[in-house]
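A.B. asks: Spelled out, the chains give:
Number of protein chains: 4
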Amino acid sequence: MTKIKTIGILTSGGDAPGMNAAIRAVTRAGIYNGFRIKGIYRGYEGLIHDEVQEFTTENVSGIVTRGGTILKTARSKEFPTPEGMQKAYETCVKEEIDALVVIGGNGSLTGARNFGMEFDFPVIGLPGTIDNDLYGTDSTIGYDTTMNTIMECVDRIRDTANSHERIFFVEVMGRDAGFLAQNSAIACGAEAAIVPEESTDVDQLAQFMSRGIRKSKKSCIVIVSESPKCGALYYADRVKKEFPEFDVRVSILGHLQRGGTPSARDRILAATTGVGAIEAIKQGQRNVMVGIRNNEVVYVPFSECIRTDKRFDKRLIKVLDELSI
Amino acid sequence: MTKIKTIGILTSGGDAPGMNAAIRAVTRAGIYNGFRIKGIYRGYEGLIHDEVQEFTTENVSGIVTRGGTILKTARSKEFPTPEGMQKAYETCVKEEIDALVVIGGNGSLTGARNFGMEFDFPVIGLPGTIDNDLYGTDSTIGYDTTMNTIMECVDRIRDTANSHERIFFVEVMGRDAGFLAQNSAIACGAEAAIVPEESTDVDQLAQFMSRGIRKSKKSCIVIVSESPKCGALYYADRVKKEFPEFDVRVSILGHLQRGGTPSARDRILAATTGVGAIEAIKQGQRNVMVGIRNNEVVYVPFSECIRTDKRFDKRLIKVLDELSI
Amino acid sequence: MTKIKTIGILTSGGDAPGMNAAIRAVTRAGIYNGFRIKGIYRGYEGLIHDEVQEFTTENVSGIVTRGGTILKTARSKEFPTPEGMQKAYETCVKEEIDALVVIGGNGSLTGARNFGMEFDFPVIGLPGTIDNDLYGTDSTIGYDTTMNTIMECVDRIRDTANSHERIFFVEVMGRDAGFLAQNSAIACGAEAAIVPEESTDVDQLAQFMSRGIRKSKKSCIVIVSESPKCGALYYADRVKKEFPEFDVRVSILGHLQRGGTPSARDRILAATTGVGAIEAIKQGQRNVMVGIRNNEVVYVPFSECIRTDKRFDKRLIKVLDELSI
Amino acid sequence: MTKIKTIGILTSGGDAPGMNAAIRAVTRAGIYNGFRIKGIYRGYEGLIHDEVQEFTTENVSGIVTRGGTILKTARSKEFPTPEGMQKAYETCVKEEIDALVVIGGNGSLTGARNFGMEFDFPVIGLPGTIDNDLYGTDSTIGYDTTMNTIMECVDRIRDTANSHERIFFVEVMGRDAGFLAQNSAIACGAEAAIVPEESTDVDQLAQFMSRGIRKSKKSCIVIVSESPKCGALYYADRVKKEFPEFDVRVSILGHLQRGGTPSARDRILAATTGVGAIEAIKQGQRNVMVGIRNNEVVYVPFSECIRTDKRFDKRLIKVLDELSI
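Protein chains in written order, with our numbering: chain A, 1 to 325; chain B, 1 to 325; chain C, 1 to 325; chain D, 1 to 325.
If you're looking for bench data, these hints aren't it; they were derived computationally from the structure. Accuracy of the hints is not assured; some may be wrong.
[Claimed, not checked] List time: in silico EDC-like cross-link candidates among lysine to aspartate or glutamate, alpha-carbon distance up to 20 angstroms:
| # | chain 1 | residue 1 | chain 2 | residue 2 |
| --- | --- | --- | --- | --- |
| 1 | C | Lys3 | C | Glu96 |
| 2 | A | Lys282 | C | Glu96 |
| 3 | C | Lys77 | D | Glu165 |
| 4 | A | Lys77 | B | Asp247 |
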C-alpha cells in the first residue's frame with residue numbers, strides 16, 4: 001500500500017442539501033492533515049473524462065450555507081462498464097489521486113464499492129441522499145433538510161386546506177423508502193401517511209377520512225410516498241370516486257425538496273462525517289462508509305450499508321395513528 | 001341612511017396570506033371606533049346560512065402571523081342568484097348587520113357590488129388575492145407573500161438544477177394575470193417567463209435556451225403562468241421534442257403558494273386597508289374597495305377595480321430580457 | 001395504586017419550541033387511550049392556584065406548528081416549599097387528577113421528582129428545554145429548533161461580516177452547557193466557539209484570529225456561550241484591546257432563540273415522547289422522563305436525567321478545529 | 001462629453017440585502033448594452049487604491065440570492081478629502097472607467113455627488129440602504145428584506161413573551177429614521193413603537209402598557225428605534241422602575257438585520273433600478289439616483305435624494321394606535 005498523498009472527492013447521484021458542507025469538511029480536514037485535495041466534477045462522469053481541479057480552502061469558502069453541490073453531480077451510464085471503470089482509474093493515475101471520497105446514495109456507493117474492489121483502490125463513502133435509505137447511519141446528509149422543507153410546504157398547504165376545508169394528498173420523495181413520508185406526516189400533524197412499506201386499503205382510508213371530516217375536522221392531509229403506479233393522484237382519484245362530496249386536491253412537491261440551505265443537523269452531520277472520512281484514510285480504512293450511530297462516528301463496510309431494505313421504525317405508525325384521531 | 005352600528009366581515013374566494021391580518025385590523029379598528037363587529041364564516045355561504053359570531057379583540061388575538069383565514073372561505077353558487085342574495089340580506093337584518101366588509105378578489109368584489117346595489121347596502125371591499133389582478137391598488141393582500149414563497153421554491157429548484165445542469169419549467173399561479181410569473185422570474189434570476197399577456201414562440205424560446213446552455217450556463221429555469229391549455233407541461237414537452245439532448249423537468253408549485261405566514265408588506269397592507277375600511281364606513285362611503293396607491297389610502301369604486309384587464313408593466317419584460325443574457 | 005383516569009399536563013421553566021407539539025401529543029394519545037386530559041396553566045403556579053381546564057382534541061388543534069406553549073409557563077417560588085407542594089397536591093385531589101405529565105428542563109423535572117416522591121404520585125417527565133442538558137435522551141424538545149434559529153441568525157451575520165471584513169462575537173444561550181454554542185459553531189462554519197466546558201485562553205484566541213485575518217479570511221465569527229461574567233462582550237473587549245486594528249462587533253441573540261415554529265425533528269421528538277408518556281402511564285411507570293436514545297423510546301429515572309454535568313462530545317472540538325483553518 | 005465605454009460599479013457604506021442583485025443587474029444590463037463593466041472593491045477605498053477587476057456575466061452568476069455584497073463595502077475616511085478624491089479620479093483614468101454606478105445610502109450618494117461635481121464625471125446612484133431614508137424612491141434596496149427579518153425575529157419573541165407573559169423592548173436599526181420601527185411594529189402586531197420622529201412620554205407609555213396588561217393581554221412588545229441615548233435599555237429601565245411588578249426584557253436585534261437572502265421585492269427593485277442605471281447612462285444622465293416611484297422608474301438629482309428629513313407617513317401612527325387596543 002502506497003502512502004496516500006492526494007485525495008479526490010466527488011458527489012454522485014441525486015443531489016442533497018449538505019453535500020457542499022461535506023465537500024468543505026473533507027477539503028479542509030484533508031488539508032489540515034497534510035493531504036492534497038482534488039475536486040472531481042460531475043461524479044463518475046468527471047472521473048472518466050478527467051474533469052479535475054485542485055482544491056484549496058478558498059474553493060470551499062462560503063459554501064457551507066448552500067444547497068446543491070459545487071462539484072455538480074450526474075448519473076453515469078459508462079462508469080459501471082469495465083471500460084468506464086478503467087478510464088476512471090486512469091484518471092486517478094494521471095491526476096496522482098491515491099484515494100477517493102464519494103458522497104452519494106445507494107447507487108453511488110455501490111459504484112464506489114465496485115471500483116474499490118476492482119482496482120484495490122481506497123474509497124471512502126459519505127451518506128449523501130435525502131431518502132435516508134442507507135444502513136449503518138442514523139441519518140443521511142440531506143434527509144433532515146428535506147424533512148424540514150416538506151414540513152414547511154405542508155404547513156402552508158394546511159393553511160389553505162383549513163380555509164377551504166379541503167382534503168389534500170401531498171406527494172413527497174423517498175424512492176422506495178417511506179422515511180420522508182412517515183416522519184413528515186408526524187411532523188405536520190397529517191391525518192395519514194401512505195408508504196411503500198405498508199399496504200394501504202383505500203376503503204379503510206376513505207372511511208377514516210370520512211369519520212374525520214364528519215367529526216368536523218377542518219381539513220385532512222394525507223402524505224403519499226412517490227411511486228410510479230400509486231402516487232398521490234391515484235389515491236385522490238380513488239377517494240373522489242368514493243366520496244364525490246369531498247373537495248379533494250393533489251400537490252406533488254417535486255424537485256424543490258432537493259434544494260435549500262442545509263439544516264443545522266445536516267451541516268453538523270456533513271462536518272463530522274467529512275472529518276471522519278479523512279480520519280479513516282489516515283487509519284488505512286478503505287471501502288467503508290462513514291456514518292453516525294448513537295452519536296458515534298462509525299465505519300460501515302459498503303456491502304452492509306447498501307442493503308436495500310432499510311425500514312423506518314414501525315413504532316412511528318402507532319404514533320401517527322394515535323395523534324390523528 | 002341609518003346610522004351604522006354593527007359591521008359584518010367575511011372572506012371570500014381563494015384564500016390569501018394576510019386575510020387574517022385584515023380581519024384583525026377591521027375588528028380592532030372597528031371596536032376602537034365604537035362599532036360592533038360580527039364575523040361571518042365561509043364567505044357568502046355563511047351569510048346565506050347565518051353562520052355569524054360576534055367578535056371581540058380576543059377573537060383576533062395572535063392571528064396576524066397566520067396564513068389562511070380564520071373565517072374560512074368558499075365559493076358560493078347560491079349567492080349570485082336572487083334567492084341567495086335575498087337570504088343573505090335577511091341574515092344581515094336578523095343579525096342587525098348594518099354594513100359589510102368583504103375581503104376577496106375579483107369575483108368576491110363583483111358579488112359585493114351586486115349585493116350593495118341590490119339592497120342599497122353599504123359594502124366596503126378589501127383587495128384579498130394572491131393574483132394582484134385588481135385595479136386601483138398597487139398591490140393586493142397576499143401577492144407579496146406568494147411572490148416570496150415562489151421565490152424560495154425556485155431558489156431551491158435552482159440548487160438542484162445547477163447541480164444536475166437541468167432545464168426546469170416551473171408553473172406558478174396567477175389566473176389570467178402574469179404578475180406572479182413575470183415578477184418572480186425577475187426575482188429568481190430565471191431565464192424566461194411565459195405569461196398570458198404575451199404570446200410565446202416555442203421556437204424562439206428553444207433557440208434562446210439552446211444558446212444559453214451552449215454558453216455553459218449551469219441551468220435554465222423558465223417560469224410559466226398556470227393555464228388550462230399551455231402550462232409548464234406543454235412547454236416542457238415541446239422543448240423536449242425539439243432538443244432531446246436537454247434534461248428537462250417540470251415543477252408545478254400548486255397550493256403551497258396560497259399558505260404561509262404573511263410577509264411584512266402584506267401585513268402592513270392589511271393593517272392599513274383594514275383601518276381604511278372602518279374610516280370609509282365612518283365617512284359614509286359605500287361600494288368601494290380600499291386600496292393603496294403611491295403610499296396613499298384610496299377608495300376605488302367596485303366597478304373600476306374589477307375590470308378584468310389589469311396588466312403588469314411592459315418595462316418588466318425588458319428587465320428580464322436584459323438580465324437573462 | 002388507584003387506576004389512573006385523569007392526567008394533568010403542564011409546561012414549566014423556560015419555554016422551548018415543540019412544547020405545544022408535546023401538549024398535543026399527550027392530549028391526543030391520552031384521549032385515544034381512554035384518559036381524560038386536564039391542562040394546567042402557568043406550570044406549578046397553576047397547579048397551586050387551580051388554573052386547570054379540561055382538554056379535548058379541539059384544544060390542541062393546529063398548535064403543532066406554533067412556538068411557545070399554549071399552557072404558558074412560569075418559574076414558581078412557592079412550589080418548592082412544603083406549603084406550595086401541599087396546595088399543588090390538593091388541586092390534584094380536587095380536580096381528580098391521578099397523574100401528571102411535566103414538560104420542562106432540569107429544574108422542572110427536579111420539582112416533578114420531589115412532588116412524585118412526597119405524595120407517592122405518578123409523574124412522567126418530557127425533556128423540554130433548548131439547552132439539551134438532560135441526561136438519558138439524545139436530544140431535548142426545542143434544542144434542534146434553537147440550533148437552526150441560531151444558524152439562520154449567524155448566516156445573516158456572516159453576510160454583513162464578509163461585506164465589511166469584520167470580526168463578530170455572537171452570544172448564544174445554553175445556560176451551563178455548551179451544546180448550542182459548539183454545535184452551532186460547526187453548523188455555521190464559525191472560526192471558534194467559547195464554551196463553559198473548556199477554558200479559553202484569550203491570547204491563543206487572538207493569535208488564532210490574527211492568523212486567520214492575515215491569511216485573508218473575509219471575516220471571523222466566534223460563537224460564545226452565555227455567561228454572567230465572560231460572555232461575548234468580555235471577549236470582544238479583550239480582543240479589541242489586543243488588536244485595535246480589528247473591527248470587532250458583538251451580537252447577543254437573546255430571547256428570539258426561544259421562539260419560532262418547531263423544526264421537523266423537534267415535532268417528531270415531541271410526538272414520540274408524548275405518545276411514550278401515555279404508554280408509560282399505562283405500564284404503571286412513574287417518576288421517569290421519556291427520552292429517545294438511539295432511535296428507541298427510553299424511560300429514565302428522574303434522579304438520573306437531572307444530573308448536572310451532561311457534556312457534548314469532545315470529538316466536536318476536533319471537528320471545529322480542523323474545519324476552521 | 002466622451003462616449004462612455006466602461007462603467008465602474010461599487011457598493012459603499014452599510015451593506016444591505018439586495019446589493020448583490022443590483023451588482024448583477026448593472027453588470028448584465030451593462031454588458032447587454034455593449035458596455036464593459038469593472039467591479040471596484042471596498043467602495044471608495046478600492047477606488048482610491050485601485051482594487052478593480054473586470055466583470056463578465058460569470059462574475060455575477062448565482063449572486064442574486066445572496067445577502068451582503070461581493071464587492072465588499074467600507075466607509076472611507078480618505079475619500080472626502082481633496083487628495084482622496086484626486087486619487088480616486090486617477091484610478092478611473094488609469095482603469096479607463098468613464099462612468100460610475102454607486103450603490104449605497106445617504107453618505108455614499110453624498111460622496112457620489114461631490115465626486116461627480118468635482119471632476120465633471122458621470123455618476124449614477126442606486127438607493128442601497130436598509131433604513132429607507134432616501135428621498136425620491138418609494139423604497140430602498142434592503143429595506144423590505146430587513147423589515148421581514150425584524151418581523152421574523154419579533155414573531156419568535158412573541159412566542160416566548162406570550163408563554164411567560166412578559167414585556168419586551170425590541171431595538172431595531174434605522175439610524176435617524178423610524179421607518180423600520182414604525183412599520184415593523186404594525187407588521188408584528190406590536191403594542192407600541194418608539195421612533196425618533198415622535199417624542200415619547202414614558203409615563204403615557206407605562207400607563208398604556210399597564211392598561212394592556214391588566215386587560216389580560218398575554219404580552220406586550222414595544223419596538224424601539226436605535227438611538228445613542230434612549231434605546232430599548234433606557235425605556236426598559238424606566239418602565240421597570242415605574243412598574244416593578246412587570247417582567248420586562250430587552251432584545252437588541254443588532255447586525256443580523258443586515259444579512260440574509262433578499263426578499264422578492266428587494267430583488268425586483270434592484271433589478272429594475274440596475275437596468276435603469278444603464279438606461280440613464282445611455283441617455284446621458286449624470287448625478288442622479290435611480291428610484292421607483294408609483295411603479296415608475298424615476299431619476300432623482302443627488303441633491304434632492306440626500307435631504308436628511310425623509311419621514312414616514314403620520315397615518316401609520318394612527319394605524320398602530322387603533323390596532324394595539
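A.B. asks: Would you mind marking each hint as holding or not holding in the structure?
C.D. replies: How the hints compare with the structure:
For the suggested pair lysine 3(C) and glutamate 96(C), the alpha carbons sit about 12 angstroms apart, so the restraint of at most 20 angstroms is met. Taken as a hint, the lysine 282(A) and glutamate 96(C) pair is broken in the structure, with Cα atoms around 63 angstroms apart against an allowance of 20 angstroms. A hinted pair counts as satisfied when its Cα atoms are at most 20 angstroms apart, and lysine 77(C) with glutamate 165(D) qualifies at roughly 17 angstroms. A hinted pair counts as satisfied when its Cα atoms are at most 20 angstroms apart, and lysine 77(A) with aspartate 247(B) qualifies at roughly 15 angstroms.
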